[in-house]
Amino acid sequence: MNNWLLFSLLVAHVIGDFYLQSDKFCKEKEELKIRSPFLYVHSVVIGLVSWLFVPIADFWFFVLLIAATHLLIDAMKSYMRRGLWSFLIDQIAHIAVLCFVAHKYVLQCDLPLQGIGLVGDMSIPVFVFGIMCCLKPTNILIKLILERYKIGEAESCESMKNAGALIGNLERILTFVFVLIGQYEAVGFIIAAKSLLRFRDNDTAKTEYVLAGTLLSFGIAVLCGLAAKYVSF
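Here the sequence shown is numbered in numbering that gives the first Met the number 0, starting from 0 and rising by one per residue.
One or more of the hints may lead you astray.
Ranges between beta-carbon positions, derived for each pair [said to hold, decoys possible]: (1) I190 to Y229: 35 to 43 Å; (2) M79 to Y148: 15 to 23 Å; (3) L117 to A74: 37 to 45 Å; (4) N2 to G82: 43 to 51 Å; (5) L31 to G218: 19 to 27 Å; (6) D22 to L51: 20 to 28 Å; (7) R80 to V40: 21 to 29 Å.
Hint data in this document are derived by calculation from the structure and do not stem from the laboratory. All values derive from a computational prediction rather than experimental measurement. Each residue gets a CB set at the ideal place from its N, CA and C atoms; glycine is no exception.
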């Protein structure tokens with residue numbers, strides 16, 4: 000398996016599946032299922048973005064395979080109950096297809112991402128990919144986990160959710176960067192500072208919501224940082 004090929008396909012997947020797809024279109028797919036025009040448009044976009052990151056003429060068959068399987072998996076997901084498990088199964092299935100493609104296709108030239116340089120020992124594409132994973136995909140994952148365990152359903156938590164998403168993005172970016180440069184003490188400082196600012200509230204539901212969201216947010220950011228720090232091609 001060519002690691003650069005797999006990595007390029009993963010970058011294309013994250014961009015296409017998360018950043019080029021709005022919540023409105025996701026809801027449309029859930030409601031209309033296979034009758035949703037966006038279901039088909041989205042699969043074409045996934046294929047085109049994949050080809051953009053692997054711009055090789057004879058890769059066309061695998062582009063069609065990626066687009067077709069993406070359509071099939073998303074169509075099946077639209078009939079599943081919305082929640083954490085459907086999200087995880089959907090993403091695991093997509094990644095399994097990309098691993099299959101990276102295993103089957105014999106790459107005989109360099110890919111565009113390979114031509115982008117380094118900052119110290121850190122690959123710029125890996126750094127950017129780590130940041131992308133820490134933002135929208137992680138927001139969705141944390142939201143689904145909190146919904147799964149019925150955390151944050153109280154009315155007092157509703158006003159915090161938009162601000163919480165923004166704060167979560169900022170803290171994950173900082174945590175990700177601090178892990179990359181080995182400043183783990185700074186991560187602890189951020190957690191302590193947030194605790195002092197947030198846990199003076201006597202609302203139990205709000206406290207549980209903030210605590211669970213914070214632990215998930217920092218945990219995922221640390222894992223992304225460690226993966227980016229030690230990944231090698």
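Tell me, which hint numbers fail for this structure? 1, 4, 5
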